[in-house]
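K.L.:
Chains as they are written, first to last, in this note's numbering: chain A, 1 to 251; chain B, 1001 to 1444.
Incorrect hints may appear among the rest.
As the list claims (entries may be wrong) - Not the full set, but computed from the structure, chain B residues with beta-carbon under 10 Å of chain A: (1) Leu1027; (2) Glu1055; (3) Ser1127; (4) Leu1395; (5) Ala1397; (6) Arg1398; (7) Gly1399; (8) Leu1400; (9) Pro1401; (10) Glu1404; (11) Glu1411; (12) Phe1413; (13) Ala1414; (14) Gly1415.
None of these hints come from the bench; they were simulated from the model.
The beta-carbon is built from N, C-alpha and C at its ideal position, and this holds for glycine as well.
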Amino acid sequence: MLEVKNLNVSIGGRKILNDFNISVKDGEVAAIMGPNGTGKSTLSYVMAGRSGYTVESGEVLLNGENILELEPNVRAAKGLFLAFQYPLEIPGVATMTFLKAALNAQRKQRGEEELSTPDFMKRVTGASSKLGIKSDMLKRALNVGFSGGEKKRMDILQMALLEPSFGILDETDSGLDIDALRVVAEGVNSLRSPTRGFLVITHYQRLLDYIVPDTVHVMAGGRIVRTGGKELALELEKSGYSEYVNEEKAA
Amino acid sequence: MSAQIIPSRTPAETALAETFGAVKGKLPGTAAIAKLREDSFGAFAEAGLPHRRVESWHYTDLRTIMREALPLAPIPDAVAIEGLRKDFAQEPIAGVKLVVVDGVFVPELSDQVPAGVTVSSLASVLSGDRADLIAALSAQGLGTQDSIVSLNAAMMQDGVVIEIAPGTQVAEALNIIYATASSTPVARFSRSLVVVGEGATASIAESSFGDGGRTGQTNGALIFAVGDHAKVNHTAALTGSQVGSIRVESFMVSLGAKAKFDSFALITGAGLLRRQIFMRFNGEDAESSLRGAALLRGREYADTTLFVEHIAPGCVGRELFKYILDEEAVGVFQGKIHVAPEAQKTDGKMLCKALLLTDTVAMNNKPELEIFADDVACAHGATCGGLNEDQLFYLEARGLPYTEAESLLLEAFAGELVDEIEDEKLVEAFRGEISAWLAARAKS
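Using the sequences and the hints, build the whole thing.
P.N.:
Following this line, the structure appears as C-alpha cells:
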C-alpha cells in the first residue's frame, strides 16, 4: 500500500509538486497520466529517494511507514521498486554481478541470509526465460549495448527478482516499439498480485491497453486533477490534456 | 661575457656525489663501464635532481621533495638471504621467481628458468664481454636526457638480465620480485634488462615482496629490447609504497617489426611514486598497449610520464591511464607521442581519465602530440570528473548502499584496464588488489 499525502516538492525554488495526494492499495494498478512537464518524473524520483529535490512538506507512506527520510537503498529493501524511464548503462559491471549484489544488499538490509550462488542462478534463469532474456544478455555489462526494449526487459527482470511490494513504472513505454511494449507489459502483468501495487506513469494511453489499470489519475500542475476508472484513459486519448492544462492556468 | 646561474647543490645532491665517490670503485663492471659511470654521473651532476623548470618533471619537483640521500643498500649477506628464504617459503609466489634484493639479483632465492631462457646478473654482464648485452643496457639512448636515468646508469648496483632465445614460447610468467634485507631505510639502484628474441613469447611481471621497493629510495630501471615478431606481456604491481619513500621507475621499451607488447601497471600507496616510460617503435607494424591505474587517497602522490616515439611506419600504439583520486591525493599524467616523418600510417591513441572524488584532490594532466608525418591517425584525450550521479542513483535504487554503489563503479572504472591482461591469474590478482583498496577506502 502506497500513500502520498500533501506532498510539496520544489527544485531550486521552483515548485513542482503541489499538495500532491494519491493512494494505491495492495493489488491495485493505478495509472497517472498527464502532459509533459507536469511533475510525473519528479514524483517517481522523490518517492525513490533521488537527491536534488527539496521536499517542503508531506509524506510518502509505504505500507504505513513514511520513507521520505530513508536512503534510496533502504527504500528499495523495504519493497519499493522504480522502473526507470531510461535504465542506465553501467560499463564494466557484469549484469550477473550487479543482480547478485542488489539482491544480497537488500536481503542484508532486511536481516536475511545471503542467497547461495545456485539458488541465485536458479532464480535468474527462471525469471529471465519468462521475459525472453537470452543468456548472452546476462553475460554482458549491465545494459551496455542493449536496445531500448532489452533495457526495459532487464529492468522488469530486476523487479521479478527483487520481488518488491510496490512498483513504480516511469514512462515504461518510452522508446519501445509495439512488440517490445507487449513483452514488457506481459512481464509486468505476470508480476501483478493481490499483495503488490503498481503506479504506472505515462502520457500515452497506448501502454494502458496492455497494462490495464484499475484506476486512472490525471496529473496537471503538480497535482492530481481528476480520478476515474480505466475508461478515463480512453477519454483522454480523444480529448487530450488541454482542458486540464488550461484549468491549471486559470486557477 | 655571459653570466650563468649555477644553482647551489642541495644536501641530497651533495650526498649523492659523496656516495658515488665512495662506492664507484666497488661498483661492478669493466674499465669501460667505470668510464660510462663517470660520464653518467657527470651528466647527473650537471643537471642536478630534476625540478619544476625541467618540463618533464614540472609537477614533481624532486629537487625540493628529496631532502636527503639515503645510504646505499649493502649487498645482502648470507644471513639476510636465509631470512628471506624462510619468508618466501611462507608465501608461495606463482610463476618463476627472479629475486632482486636491495638492487642485487640473488640467484639462491630465484627459481630455475625454463628452457630457452637465460638469466644472469647485471654485475656479471657489466664485467663480461657480451657487447650486445652491454649495448642493449643503454636502451638505445632512451631516457638518457633524464637526470634520474643518468643517476641510475652511474650507480646501478645490479639487476637481472633475462634473455629469451628466438622462437621460444615461455609459458610461465617470469616474476621479478623486489625484496629488501635492510631494516633501516636505504637507497637502491637496479637496472634490469629483458631481451626477447625474434618470434619469442614471454610474460614478465614485476612485484614487491614485503618492504622491497616500498620503503626508502628506489631508482629502478627496466629495459625491454623486443625483437621482430616477438610477443611480450608485462605487468607491474607498484603497490603499497610507504610514507616518506621515493620511488622512480624508468621503463624503456624498444619494439621490433610486428612485435606485440602489452603492459599494465597498478599504483597504490603513500610514498612518492614516479613512473617514466620511454618507448620506441623501431620496426614497422608493431603494436603496443600501455595501461596503468593509480588509486590514491590521503595525501598520496603518483606521477606517470610517458614518451612514445614512432620512427617506423604502420605501428599501433594505445596508451590508457586511469586515476582514482580521493581525499587530498595528487595525480600527474604527462604523455607525449612523437611521430617522426618516416612513421607514416601510425595509429596512436592516448587517453588519461581521472575520477576526482573530492574537491581537495588535484590532477595534472598533460597529453601532447608531436607529428611530423602527414598520413597518421593520432588522438589524445584527458578527462577529469566525478562519478556519474545517474548511475549511482540507479544502483542505489536497486538496493546497493551508496558506498557499495560507489565501489562497484570505481572497480569497473579501474578493472577495465586489468581485464585486458591475458593471464587470468594476474587478472584475478590485480582485481583482488583493487577491491582490497576499495574495501579499505569504504571502511574509513
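K.L.:
Hint by hint, note whether the structure agrees.
P.N.:
Each hint tested on the structure:
1. Leu1027: violated (47 Å)
2. Glu1055: violated (34 Å)
3. Ser1127: It is violated, given that the least Cβ distance between Ser1127(B) and chain A is near 50 Å, above 10 Å.
4. Leu1395: holds (7 Å)
5. Ala1397: holds (5 Å)
6. Arg1398: Hint on Arg1398(B): holds, closest Cβ of chain A at ~4 Å, below 10 Å.
7. Gly1399: At about 4 Å, which falls below the 10 Å cut-off, the nearest Cβ of chain A leaves the hint on Gly1399(B) intact, so it holds.
8. Leu1400: Holds, about 5 Å.
9. Pro1401: holds (5 Å)
10. Glu1404: holds (6 Å)
11. Glu1411: Holds: closest Cβ of chain A sits about 8 Å from Glu1411(B), inside 10 Å.
12. Phe1413: Holds. Min distance 7 Å.
13. Ala1414: With Cβ-Cβ at 9 Å, under 10 Å, it holds.
14. Gly1415: holds (6 Å)
Violation of the numbered hints given earlier is confined to hints 1, 2, 3; the remaining hints are satisfied by the structure.
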